[in-house]
Each structure stands twice: as structure tokens, then as C-alpha cells.
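Residue numbers (the numbering used here), protein chains in the order written: chain A, 1 to 264; chain B, 1001 to 1264; chain C, 2001 to 2264; chain D, 3001 to 3264; chain E, 4001 to 4264; chain F, 5001 to 5264.
Treat the hints loosely; a few may be bogus.
[As the list claims (entries may be wrong)] Below, simulated EDC-like cross-link-like pairs (lysine to aspartate or glutamate); rule was C-alpha separation at most 16 Å, straight line:
(1) B/Lys1153 / B/Asp1185
(2) C/Lys2153 / D/Asp3042
(3) A/Lys109 / B/Asp1185
(4) F/Lys5249 / E/Glu4178
(5) D/Lys3240 / C/Asp2054
(6) D/Lys3253 / C/Asp2185
(7) B/Lys1153 / C/Asp2094
(8) D/Lys3080 / D/Asp3042
(9) D/Lys3230 / C/Asp2054
[What the hints assert, rightly or not] Covered, in the sense of this in silico footprint (three residues per stretch, anywhere, with C-beta under 8 Å from a C-beta of chain B), are these stretches of chain A:
(10) 137-148
(11) 176-190
(12) 198-208
[Stated by the list, open to error] Label-pair ranges, simulated between beta-carbon atoms:
(13) B/Lys1210 / C/Leu2217: 54 to 60 Å
(14) B/Lys1243 / A/Ser209: 44 to 50 Å
(15) D/Ile3136 / B/Glu1203: 54 to 60 Å
(16) F/Gly5023 / A/Glu212: 31 to 37 Å
(17) F/Ala5016 / A/Gly83: 31 to 37 Å
(18) E/Glu4093 / D/Asp3214: 46 to 52 Å
No lab work stands behind these hints: they were computed from the structure. Idealized CB from N, CA, C, for every residue including glycine.
6 protein chains.
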Amino acid sequence: DFMHAFENDVKPAFGASQEILDGFLARGILPWGNPVRDVLDDGALLIQQAASSDGPGLVSILLEGSPNAGKTALGAELAKMSGFPFVKICSPEDMVGYTESAKCMQIRKIFDDAYRSAQSCIIVDNVERLLDYGPIGPRYSNLTLQALLVLLKKNPPKGKRLLVVCTTSRREVLDQMEMLSAFTDVLHVSNLTKSEHFKVVLENSGVFSKSEMDKLLKKLAGYKISIGIKKVLGLLDMVKQMKQDKMIKFITKLEDEGFIVLNV
Amino acid sequence: DFMHAFENDVKPAFGASQEILDGFLARGILPWGNPVRDVLDDGALLIQQAASSDGPGLVSILLEGSPNAGKTALGAELAKMSGFPFVKICSPEDMVGYTESAKCMQIRKIFDDAYRSAQSCIIVDNVERLLDYGPIGPRYSNLTLQALLVLLKKNPPKGKRLLVVCTTSRREVLDQMEMLSAFTDVLHVSNLTKSEHFKVVLENSGVFSKSEMDKLLKKLAGYKISIGIKKVLGLLDMVKQMKQDKMIKFITKLEDEGFIVLNV
Amino acid sequence: DFMHAFENDVKPAFGASQEILDGFLARGILPWGNPVRDVLDDGALLIQQAASSDGPGLVSILLEGSPNAGKTALGAELAKMSGFPFVKICSPEDMVGYTESAKCMQIRKIFDDAYRSAQSCIIVDNVERLLDYGPIGPRYSNLTLQALLVLLKKNPPKGKRLLVVCTTSRREVLDQMEMLSAFTDVLHVSNLTKSEHFKVVLENSGVFSKSEMDKLLKKLAGYKISIGIKKVLGLLDMVKQMKQDKMIKFITKLEDEGFIVLNV
Amino acid sequence: DFMHAFENDVKPAFGASQEILDGFLARGILPWGNPVRDVLDDGALLIQQAASSDGPGLVSILLEGSPNAGKTALGAELAKMSGFPFVKICSPEDMVGYTESAKCMQIRKIFDDAYRSAQSCIIVDNVERLLDYGPIGPRYSNLTLQALLVLLKKNPPKGKRLLVVCTTSRREVLDQMEMLSAFTDVLHVSNLTKSEHFKVVLENSGVFSKSEMDKLLKKLAGYKISIGIKKVLGLLDMVKQMKQDKMIKFITKLEDEGFIVLNV
Amino acid sequence: DFMHAFENDVKPAFGASQEILDGFLARGILPWGNPVRDVLDDGALLIQQAASSDGPGLVSILLEGSPNAGKTALGAELAKMSGFPFVKICSPEDMVGYTESAKCMQIRKIFDDAYRSAQSCIIVDNVERLLDYGPIGPRYSNLTLQALLVLLKKNPPKGKRLLVVCTTSRREVLDQMEMLSAFTDVLHVSNLTKSEHFKVVLENSGVFSKSEMDKLLKKLAGYKISIGIKKVLGLLDMVKQMKQDKMIKFITKLEDEGFIVLNV
Amino acid sequence: DFMHAFENDVKPAFGASQEILDGFLARGILPWGNPVRDVLDDGALLIQQAASSDGPGLVSILLEGSPNAGKTALGAELAKMSGFPFVKICSPEDMVGYTESAKCMQIRKIFDDAYRSAQSCIIVDNVERLLDYGPIGPRYSNLTLQALLVLLKKNPPKGKRLLVVCTTSRREVLDQMEMLSAFTDVLHVSNLTKSEHFKVVLENSGVFSKSEMDKLLKKLAGYKISIGIKKVLGLLDMVKQMKQDKMIKFITKLEDEGFIVLNV
Ligand SMILES: Nc1ncnc2c1ncn2[C@@H]1O[C@H](COP(=O)(O)OP(=O)(O)OP(=O)(O)O)[C@@H](O)[C@H]1O
Ligand SMILES: Nc1ncnc2c1ncn2[C@@H]1O[C@H](COP(=O)(O)OP(=O)(O)OP(=O)(O)O)[C@@H](O)[C@H]1O
Ligand SMILES: Nc1ncnc2c1ncn2[C@@H]1O[C@H](COP(=O)(O)OP(=O)(O)OP(=O)(O)O)[C@@H](O)[C@H]1O
Ligand SMILES: Nc1ncnc2c1ncn2[C@@H]1O[C@H](COP(=O)(O)OP(=O)(O)OP(=O)(O)O)[C@@H](O)[C@H]1O
Ligand SMILES: Nc1ncnc2c1ncn2[C@@H]1O[C@H](COP(=O)(O)OP(=O)(O)OP(=O)(O)O)[C@@H](O)[C@H]1O
Ligand SMILES: Nc1ncnc2c1ncn2[C@@H]1O[C@H](COP(=O)(O)OP(=O)(O)OP(=O)(O)O)[C@@H](O)[C@H]1O
Ligand SMILES: [Mg+2]
Ligand SMILES: [Mg+2]
Ligand SMILES: [Mg+2]
Ligand SMILES: [Mg+2]
Ligand SMILES: [Mg+2]
Ligand SMILES: [Mg+2]
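Starting from the given sequences, assemble the full structure and let the hints guide the process.
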């Protein structure tokens, strides 16, 4: 019958989603400092709350931070930590060129599927892109905004549990859209800001020699630092392939693109 | 014939609506203070007016208050109190991704159905969402606004009674849209603002020991308080699961999220 | 043939329209003061002009006044007074959720039908709603505005007579839209503004005792009054059902909602 | 063949158009003063130019003046004076509720038809309405504006003659739209502004006695006057039906609606 | 096969286009002064460049000047001078009431056809109209703008030659749209500004006697002059038909419409 | 099966793309100065990074510079240098008159095709045109912007390599649209700004004699220079065809169009 057909339509996308999660986490989560630990701790608490049988069974988390800060990877990590069997990725990458309403239908379908599983986790990646946010105007899809505002607060059916993890690099835009209050909690994904943070990443990479690292860390002492983990890994990828002057190139790039700025 | 077929199409959704009402009221209405009583008293009067055979047989109420204040639960309570047999929920949760006109058609259908019952109650939940209100722009569905403005003032057919209960957390937006004057009455759903309000809720929850509560209430004396009942219950759900430091966590959260602020 | 089929399509909606007119006038027209008489007198003159065989046979009247002032009832009264056999109601209540163009087609059809009758009267109720006027933006249906601007000035075919009665509670909006000059005459529907006005209505209602009324009227002497007849009747409906303190409740309501304000 | 079928499709609407022209001129053109003569003289010259075999064979005239000034009647008069056999009326009254593109197609068709006749005259009545001009916004149909801007300057095929007569009561709007320069000439249709103007009309109407007229004209001496001929005729129609006090009513109306204002 | 069918579809519209060109040039190009010679000289150079086998084979010219300056005629003259066998007119007159996309498709087709001919010339007349430029708003067709911006810079296939001649009376609008830089060169089409310019045209027309002309030219000495050749010819057409007072009428018109202004 | 059919649909457009690349490079890359070398060096490094098996396998480059600076040619050069077998051109020239969504679908298809090849290079030419950027308003296609923002950051499937080379002459517009941060690197394509730059190009062209060149270079010493290589080549094409005064014409043109400005 109808309900049966409908249920059968629900094939929890373990395979596909698991693969994507693994992709997000291909380079793992390096514990480069306290900010990383804080996100994971707070996340663990919220996951526990989501899983508990008290309350309405809905927890929604926003991971916000600058581009390249590691938001998507941490979102994937939280999804893994939850152990919820039904995991679904809702990402703008899969909806390039979709009309507003096709996009909304897709989002709605993902949530509808989740409501039919006992414990579900939905990762909504890059919310500002999902909303088609264009800063000139500004423009955005109000249809999608309304859909998210409603779905982020809609309780799953009695007895079901739902964890929603969203990521964004435009916290202030979501704030203007009055989306922030729709989340159970908002967690900040921080950039690397201290030389100790660098130390952990550089040691782990094995790109530089001990003496090169010492020189770098000494130099960084006098600088204000702010760079996302994804950018650091990218720069290391690049210099790794040079025969010489790796460290010089690395520092030059950091300075040129403004990731490190001399303290005044 | 046509009228017959049409009538048959009307299956007062007792079942479904009743279930949703119960969902809204799953945690009941805790009488935590006078503001709660006021809403219920005024509501009772308006229900009486709606039911009376004098006048045009239409009463429309707006429950407005900040997010988490308990608007939806109180709206459901009023619907129950009316005892009207035909109850229908008109909620944005059921219309995610609908086009403007599909939404209007749905709303219109709900009212058309109601006009065919002797005594009907319609709950229109979260009006600003139903209007697709987006603060950047701002944007909203004028088609839906017009539909509501007309339907909120349209008398039911002779002899029929209609009670409409709307909820919103954006009173000022509805004011700008000149919707407020379309209601028979506007009732304010208040946040908890006094330590006595807290006392009732905490005692009822059984989460803290007597001494913990005393400590909390003493501490709150010096604070300005404003928090919705749904948020309080959520925080209690969370700390309930901790092994220790429940009270500390509870107070920290209240302070961090700005629900209590030290008096100057 | 075609013309015949077309003519047959025209079933002057005596029945339906008459019923609606009666609904508008269910509570009659209470002659509570001079402003009422003025509207009816001016209306009578304009009706005479419409009926006369001189001139182009078109008279269009705008009844404007604040919400609840009694505009729709007075419009219906004028239609009745005209004695024109073909009466048609053009009301936003019948077009909830219509697209702009469906609305225009409907309006156009009503006028086209009227042109085929020797003497027609069209009531266009609540023009600002028909125009989908939304104050944020502001927004309105330009298609409908254009249609009305043209139809309000379009002469009926030679020998036919047409009386158009419009109502609005947003005179200033229609003014901005340059609609006012399209009317033959604009009549103001006034609120009750004097205690004598109240006296007529209260005596007619029989809700209060003579002494209660005296007390009220004495009290009102020191107040600035402005309230629509529909609101007065509504409040009376409400207090009528109370066992005691009717007068106190009545006055409290008048004061709370700002209908009476102490003179300074 | 195609061209033949096409040509046959062209049934110069002598009948219909003639009837409409007669309607526009039902009350004739009263020569109430010099402004009337000026329009007719200038019009005669322009018609001559249109008919002459020199030049590109296109003359387009804009008749502009306040509402009720007599623009449409004078436009019809010019069309008659031209003696051109193919006359077509392009009026918003015939396109109520049309979409932008349907309107444009209709306009285009009228011009296309005209190009196929040796001598054509097109009356484009009430241009601002044809453009769907709505003052709030403002809004207008750019598609229609573009169509008119092109068609007003497009020469008819070699050897064909085309006279276009447009009317508007919103000269400044057409100016903003840069339409004015598209016309061969712009003629002003004036209101009545002197008591002598009134004298001609009143004498012609036979509504008042000689002594009444004298009284009126004497009184008007001290006033600033500005009223359209259509309005004057309308007021006369109205007072004509009164048994007494005709002149008083007439003057009261003139003063109340601001058509005559005391000189300071 | 496909390519064959496609090629057959291309019937270089020698006939039609030639006829239109002749229409544009029906009154010839009067060499009334240096500005005319300059445009023709510069045009000759650019045509040579377009025809040469060096370079990418694309030259695009914008003829800009006030209304009636003679832009279209000079554009047609350049097309003739080129001697290119494939000439196509892209004019708003042929696209009245077209949708944006129909217009773009038409434009695209004209260019696509041109790319298939060894030497083509495209006249794009009245660009601001093609762009549906409406000054209130302002409004324009961005789709058409983008199409023109791309097509004006798109090289024809290897070995093919393309000359594009555009005309506009709204240089500043095209400038704001950043279209000017898309042209190889922008040539100014000037108004008549000196009495000598007038002399050439008047002598050529034969409308006035020698003495009349002398009087006129003497009078003009003290005036600032600016009038398009098309307007001059139009005024001459008009006065030509008068029996007397030709010169007076001519001068009056020049003054009234502001084409000549007394020097201060 | 489906995947098979899908794969077959992918016919890496070696032929077509190669031809277009050759067209872009028909006049080669003249090494007129350091700015040219810098772009090629930086490009080489980025190509190496794209090809390396470390990292996510995605490098995206933006070539920005004023109109005629040589952006497209340099983009084509980089594509050639990469040696990647699958090269695809995504250019507005191929999408004239496309709707937003057709354009997006086309872009998406190009990227989807690329993901299926081991090593792909996509040239996205003239990004501001692809975005339908119109400066009045301003207007742009938000759908296309969102598509590009997502695709420029979307990693190819595991093991695949993708190099994206974009060009634009409106860096500040892309900046406002927050597109710049989506690129791995932004390279500036410079105009010629020194007389030495001119020297290289003039010598290579063979248009002028040695003495003419000396004169020019001496003259340029006192000027501020800024001109794109494409413009220089165009002017040379033009003067090349003159019999005499080539150098004078060349200098006049440079001055008239503001490419060289006297130092103050
Ligand atoms: N502590 C960490 N936190 C997050 N990511 C880490 C950490 N350590 C290593 N990584 C790696 O860094 C990369 C972070 O990239 P990710 O896509 O998550 O960043 P992002 O903030 O989502 O970027 P964008 O702003 O582009 O969306 C991943 O490859 C991840 O495996
Ligand atoms: N006195 C009370 N008033 C309202 N709700 C109460 C009260 N006591 C307990 N509750 C419970 O508090 C919760 C209030 O949640 P509800 O959804 O009604 O809030 P809301 O104001 O509608 O929130 P939102 O702003 O998200 O729409 C319900 O679970 C309800 O059972
Ligand atoms: N003198 C009166 N004038 C108008 N209405 C009267 C009068 N006396 C009694 N009534 C009654 O008052 C009511 C007026 O309601 P009505 O709907 O006409 O008001 P309205 O101004 O159209 O309201 P709204 O602004 O909501 O459209 C009607 O029930 C009418 O029968
Ligand atoms: N000298 C006159 N000029 C114009 N109309 C005249 C004159 N004398 C009498 N009339 C009559 O006056 C009326 C003018 O009405 P008309 O519809 O032409 O005015 P209008 O300016 O077009 O009005 P609107 O602004 O509503 O379009 C016609 O009935 C016409 O017959
Ligand atoms: N020297 C001249 N230059 C241009 N046109 C001339 C010249 N001498 C005579 N003419 C005639 O003048 C007329 C110019 O009209 P044309 O349509 O070209 O003007 P335009 O500037 O395109 O007008 P518009 O602004 O309406 O498009 C043509 O009939 C042309 O034959
Ligand atoms: N060093 C150089 N760099 C770039 N182009 C060069 C160079 N030397 C010669 N050229 C030639 O100059 C021309 C540059 O034209 P190209 O179309 O690349 O410019 P563009 O900046 O893309 O122009 P547009 O702004 O119109 O898009 C090409 O023909 C190219 O072969
Ligand atoms: Mg991310
Ligand atoms: Mg709620
Ligand atoms: Mg009403
Ligand atoms: Mg008129
Ligand atoms: Mg022209
Ligand atoms: Mg380029």
C-alpha cells in the first residue's frame, strides 16, 4: 500500500553519506589547540541531549567560522560522534543550478526522510550558499530561508531523535536573517591564532626540519596570526613540492596574503 | 449531487488535529504566574463571545510574545477550552516549500471547510513564517498577507461560529503590515520575569534539591529576568542528565545566553 | 446565435446579491446622528443623477472612513435606495488567493455584465484589499489599479445607467494612487464622536438601564470620542452577556483601546 | 494566398470606430473660447502636413490637459477633420486586464493595419493608462512604453499617410518617460479660466435664467477659475434636475471642489 | 544534411535590406558642413580597416548624436560605402512587443547569419530602444545588453569580415552601461550649429527666395543654434505648403521649440 | 547501462577546444616585459600544484586586468602549458541569449564532464559577462554567481585533477560579489606602462622604421602610459595600411583615446 511504498522509498543512504563524510575527514581532525577541543566537547554534550529520551528530540547546531577554518570537517566529525545510523548531507554542491523550489523540495525530502528514522543526523553544509546569498543587493532565496527557519524548529515525530549540524562562514548574514535563534546552540570554529597552534600542525606534517620550525616559531612571536587549518594544509602541500627555500616561500605566502601581520 | 459531494469532502479532521493539539500540549500548561492566568481568562471571555448567538459569530485572537514564550501551547489550550468540535491547524510546518499561491489555496481551504461547520476553531500558528517574512529587504508574501487580512474579518455564514487563534513572535512586523486591527483582540504571552515564576517551574520539575533551589532563587533576586517557558524546560532537560554541578551549569547557561542580567 | 448565448449567460444575480446585501444590512442603519443623514442625503442626490436620462449615465461614489465606521452597510443601503434591478457585489472576500489577472478578469466581468443591463449598481467593497495593498514596500496590484481607474470612468453603452459604490478605509492610499479624481463624488463615513451619538445607539440596544446610561453619558462629557458603529455594536454584544459590571467593562474597554480619551 | 488572406483580415473598422467617435462627440465641441480655437487651428495645420505628399507621411500629435478638459472629444474632432477614411481607436477601455504583451500586440496590430491603408488616423486615448502608470513606485509597463516610443516615430510605408492623435492628463509623466520628443507637436487642451468662457457654456445649456447668469458672472469676477468642460457639463446635468436653488447649488459645488477660488 | 539545411535557411536579405537602406537615404546626405565630412572620412578609414585581411576582421562603430541629427541616414551611408554584399538591419521597429528573449534570439540570428558571409555589415539602429531603456527606474533589458556587449566584441570566424554600425541618441546611457568601450570607435553626429550650415540646406531646398534667406541668415547671426537635419527638413516640408509668411512661420517655429536662442 | 551511456556522452572536445585555444593565441604571446613573465611563472607553479597528487586536486586561478590587457590569450597559454588532455572553454560568446538556468546548466555540464577526466582544465572567460553583470542597478545573475561560487571550491572526485582558469576585467565587481576568496590565486594581467614595453612590441611588428621608433620612444619618456596589448596591436593594424604619416596617426590616436598622458 501507499505507506509501504513510501517507507520502501526510504533507503537510508549509509553508503553514499558515509563516503562523503569520509571525504570531509580525509585529512582527519588535528587537535591543534583548545578551540578544537571546545567545539568537540560542546558538540558531545549537545549530541547527548539529542539522543536523550527527554525533551522534544531535536537539537540543531550551527558551526560558524571564517572560510577554511575547518567547519565542514568538524561537522562531519560530530555526525560520526553521534553514532546515529541515518546520516544525510544537504550540500549546495549537489544542487548547483537548482531553482529555488527544486532546492526546497530537496531539503524538505531530506528532513522528511530523517523523520522516519529513529535517530537521524543531517549535515547542512554552507548555509549561506544554500540560501543563494549574493552580497550585491543583497539577494537570497527567501523560499529556502523560510524552509530552513521552519525545519530547524520543527520537532520530529514522537519518539524520533534528530540532530541537525549546519555550517556557515557568514554568521552575520544568518544573524540579519534572524536564523541564529533557530539553533539550539551556535559553536565558533576558530582559526589558528598562536604559534603553538602552528607547532602542532607543522610537526604533524613533517615538511620542515626541526631547525626550520624553530626559526619560524621564533619569527611568529612578533606577529598577529589568523589562518584557517585548510589554508595551512594547502600551503604546506604547495611548499612540500619545492626542492629548496620551502620555509621562505611558506613565510612569504603567509605575509603576502595577510595571514600573519606584524604587531605594532 | 455537487453539494453532497462537496459536503462529503469535508471530513472534520478531529483525529489529526486532536493529535497535533496534544503534541502542542504534551508538557501541559504550567500556571507559573499571573500572566498565564490573564491570557487564559481573557481567552475564556473571547471564546464565550465567539460561541454566543449574538453578533456576527466571528472572534479572532492574536497571541503574541517572544520566541519560546509558550504561544503555540496556549493557542492549543484555547482551542481545547472552546470545545468547538471542528478544530484545524494552519501551520507553516505543513507548507514548507509551498509556492505563495499553493499556501493561499491551503489557507483558503481551511477557512472554507470551517465555514461549513456549526462551530469551528482555526489555529494559525507562527503567522510571520506563514507570511514568508524575511527581514533582509524585507520580503514577505503579499498574496498571503492579503488572504489573511480578508479571512480574519470575513464573517462565517449566518448561524455559523468561528474562532481564529493566531500566534506570532513578531508583533511589530504584523503591526507594520496593519494586521493588528484585523483581530478582535491581541493577547500578550509573557516571558518568566520573576524568581517566583521560576520557583513554580523548578518545583514542578523536580530536577533540583530544595537547597539548590533556595540558592538559585536568592541569587536571582539581584537579576533582571526574561526567559520563555520553552527555554526553561529545555535547559532543565539538559542539566537533568548531568551527574553533578547541575545548578552551576543551569545558572551559567542563563547568564551566558543573557536570560538573566545583573541589576545595576 | 452568439449574442443570444451571451445574453443568456447573464443571469442578473438578484438572488445571491440580494442575500449579500441583506447580510451587510442585518443590523440595519441606525440614524445615530447628522453624519449618517448627510451620507444618505448626498447619496440620494447622486442616485438621482445616475438614474436621470441626461448625461453619460455613470455615477461613481467612494465611501471612505476608518475601519468599523459602517462603510459597507451604508454602501449596501445606497444600492437598495437606488432601486436598480441589477446589483452586483465585487468584494475581496470572494477573491481570496486569486492571481492579479484572475481578479481583474472577475472585476471586468462584473462591469461587462452591468453594461448589458438597463440600470445596474455595482458595490466594490474594500478597495484597498482588492488592490492587494501591503504597507511594507508598499506593494499593490498595479493591474487591478489600472483596471479600476479605467472602469470607474468608462461610460456604459448609450442609454444604460450605472451606479458604482466603492468603500475604503485607506483614503490616503487611494489618494496617492490618484484614484480619488476618478469618482463622481467622495463621501465621508464618520465615526461616532459625541455623547449624543452614543445615546441613540445605547437606547436602541437596551443593554443598559437608564441610570447606567446617564452615568456613562455624563462621564463621556469630558472625553474626546472616536469609535466606529461596528465596534460599538461589538462591545455591546460582549458586555450584554455579562451578569454584572457591564457598564464598567464597557467603559474600561473604550478607554483601553483608545476609543475615548480624556480631554486635556 | 497569404497576402490576400492577410489583406482580407483587414476590415477597416469604419463602422465601429465611427460609432465610438460619435460617442466621444455626443455633446459636440462648444467653442467656449480662444484656447479651443487654437487647438483646432493648429490641428488643421498638422493634418494638412500629414496629408501632403512631401515628407515621410507621418504626423503625431499629443493633446495634453487636466482631467475633464475635453481632450478625448477634441482628439475625435481632429480625426473627423482629417477626413482620413481609416480611423482606429486605441483605448485602455478596450484592454482592461490585458497583460503587457497582449496590450502591445493589440497596439501593434492597430498600427500594422493602419500601414496598409493609404490614409489612416489612429487615436491613442489616455496614454498614461495605456502605459499602466501607477504613481506609487512609480510603476508602468516598459514594454508598452517602448512599443509606443518606436511606433510614434516609425514612418508608414512609402506613399502611405498616418496621423496619430494621443491624449493624456499626465504631461509631466510622459515628459519623464522622454515621450514628448517623439511627437511632431504637443497641443495644450485648456480648462475654462474666465467668466466669458462660462458665459458661452451657460447660455448654450439653457439651464439658468438670464438674471441667474448675470449674478453668477458678476460673482465669478473676483475668483480664480479653472475647470474642465466635462466637469461643467456634469454639474449642469445635476442642477438641471433640481426644482429650485439651482444656481446656489452650482456655485456651492464649484467652490467646494475648488474649481473657483477667491482672489486674494 | 543539417549544415546544408542551415545554410539554405540563410538567404542574405539583399532585397529587403537594400530597400530599407534606400528608405533611410531617401532624402540623401546633404553635405551641410564639416561635421558631416568628418563622420564620412572617419567612417571610410574604419571600413578600410574592417575590410583589410590583417587583424581579427571586426570593426564596430557607434554613431551618437541628438534626436533628428541624421544618425540613421549616416549609418546607412556607411553601410553603402563599405560595399559589403551582406547587409542586415537590426532595428527596434521590427521587434515591437517582442519579449526580451525573442529580441535576443533575433539579434543573435542576425549575427550568426553574418558570420557565415565573407563580408557582412550589420546596422543596429537606435540601440537605447533595442535595450528597452525606460528612464523612470531606470529600466532596461539586461539580457539584450549582455547579448550586445558580447556580440560587439566577438570576432567573426577566421577569414570572415564584419562591420557593425550602431546608432544612439543616448550616449550617456550607453556609457553608464559600459557599452562605449565595446566599440572600435565612437563617432559624433552633430546638429547644425552655424548659419552657414543653414545656408547649404536652405539653398538646396529651394523653399525660400534669395532675399528671404539673406534676412534669415542675418537674423541667425545673433543666435545660438542647435537643430538636427531631420527637424530642419521637417519644418521646411511644413512651411513649403503655406501660401505666405513662410519665413516668419519658419523662424517662429525655430524660436518656439528652442532650436535657436538669442545670445546674451 | 546508465553509467556507460553517460560516459559515452562525454566526448572530450579536444578538437573544438584546441581550435578555440589556437584562435585565442593566433598572435602569440609577446614577452613585452616582466609583468608577462610574472604571470607565466606564477601560473607554472599553480599548474604544478594542480597536477601534484597531494592535496584535493583543485587549483583555480583568476586572471584579472583591464580590457584588452591580454587576459584571454594568457589564460589559453596557461591551459596549453598544463598539458592536461581535457580542455574546455566556458565562454559567454557561446551562451548569447541563454536564460539564467540554461547558462547554469551549461556551466554545470562542463564541470561535470571535467570531473570524469583524470586531468582537466576549464577556461571560464569573461566572468562578469557570464554573470550578466549590468552596471545600472546593478544587475547580475545570482543563479550563475551561486553556481560559480560553489563550483570554484568543489573538489573533483578522489584522484582526479582540475585546473580552472578564469578571466575578468571587473576585479572590483567580483570582489563585491565575494568571489575573489573562492580562487586559489589571483594574478594581475598588466597593461604596457613603459616605453621599453612599447619597444618590444614595435620592433616585433616591423611597422615603423628605426628612426620613427626612436622618435616615438623619446616622446613617450615624458608621458604616463597605460594601454593593453590587444589595443596596441589593433592600432598597429590600422596604421600599417596607411601610405604615410603612420607614426603621427599612431601617436595622435594614443593621445586622443587617453592611453598616453603628459606627466605634470
Ligand atoms: N582540527 C581540525 N579542524 C578542522 N579540520 C581539520 C582539523 N585538522 C585537520 N583538518 C582538515 O582541514 C580541512 C578543513 O577543511 P574544511 O572543508 O572542513 O574547511 P571549511 O571551514 O569547511 O572550509 P570552507 O570555508 O571552504 O567551507 C579538512 O581537510 C580537515 O580534514
Ligand atoms: N504556562 C505555560 N504556557 C505555555 N507553555 C507552557 C506553559 N507551561 C508549560 N508549557 C510548555 O512549554 C512549551 C511552550 O512551547 P511553545 O511551542 O508553545 O512555545 P512558543 O512560544 O510557541 O515557541 P516558538 O516561539 O518557538 O513558536 C510547551 O511544551 C508547553 O507544553
Ligand atoms: N448608521 C449606521 N451606519 C452604518 N452601519 C450601521 C449603522 N447603524 C448600524 N449599523 C450596523 O453597523 C455595522 C457596520 O458594519 P460595516 O461592515 O458596514 O462596517 P465597515 O466600516 O464596512 O467595517 P470595515 O472597516 O471592517 O469594512 C453593520 O452591521 C450595520 O448594520
Ligand atoms: N470645446 C470643447 N472641447 C472639448 N469637449 C467639449 C467642448 N465642448 C463640449 N465638449 C464636451 O465635453 C466633453 C469632454 O469630455 P472628454 O471625455 O473629451 O474630456 P477628457 O478631457 O477626455 O476627460 P478625461 O480626463 O476624463 O479623459 C465631451 O462630452 C464633449 O462633447
Ligand atoms: N548630412 C546629412 N546627414 C544625415 N542625414 C541627412 C543629411 N542630409 C540630409 N539628411 C536627411 O535627413 C534625415 C535624417 O534622418 P534620420 O532618421 O537619419 O535622423 P536620426 O538622427 O536617425 O533621427 P532619430 O533621432 O529620430 O533616430 C534623412 O531623411 C536624411 O536623408
Ligand atoms: N604578452 C601578451 N599577453 C597577452 N596577449 C598577447 C601578448 N602578446 C601578444 N598578445 C596578443 O594580444 C591579444 C590579446 O587579446 P585578448 O583577447 O587576450 O585580450 P583580453 O584582455 O582578453 O581582451 P578583452 O578585455 O576584450 O577580453 C591576443 O591576440 C594575443 O595573441
Ligand atoms: Mg566547508
Ligand atoms: Mg510556536
Ligand atoms: Mg467594510
Ligand atoms: Mg479622455
Ligand atoms: Mg534614427
Ligand atoms: Mg578576453
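Hints versus structure:
no. : hint                              : verdict
1   : B/Lys1153 / B/Asp1185             : holds (12 Å)
2   : C/Lys2153 / D/Asp3042             : violated (29 Å)
3   : A/Lys109 / B/Asp1185              : violated (38 Å)
4   : F/Lys5249 / E/Glu4178             : violated (26 Å)
5   : D/Lys3240 / C/Asp2054             : holds (9 Å)
6   : D/Lys3253 / C/Asp2185             : holds (11 Å)
7   : B/Lys1153 / C/Asp2094             : holds (13 Å)
8   : D/Lys3080 / D/Asp3042             : holds (15 Å)
9   : D/Lys3230 / C/Asp2054             : holds (13 Å)
10  : 137-148                           : holds (count 7)
11  : 176-190                           : holds (count 5)
12  : 198-208                           : violated (count 0)
13  : B/Lys1210 / C/Leu2217: 54 to 60 Å : holds (59 Å)
14  : B/Lys1243 / A/Ser209: 44 to 50 Å  : holds (48 Å)
15  : D/Ile3136 / B/Glu1203: 54 to 60 Å : holds (57 Å)
16  : F/Gly5023 / A/Glu212: 31 to 37 Å  : violated (47 Å)
17  : F/Ala5016 / A/Gly83: 31 to 37 Å   : violated (51 Å)
18  : E/Glu4093 / D/Asp3214: 46 to 52 Å : violated (59 Å)
Of the numbered hints given earlier, the model fails hints 2, 3, 4, 12, 16, 17, 18; all others are met.
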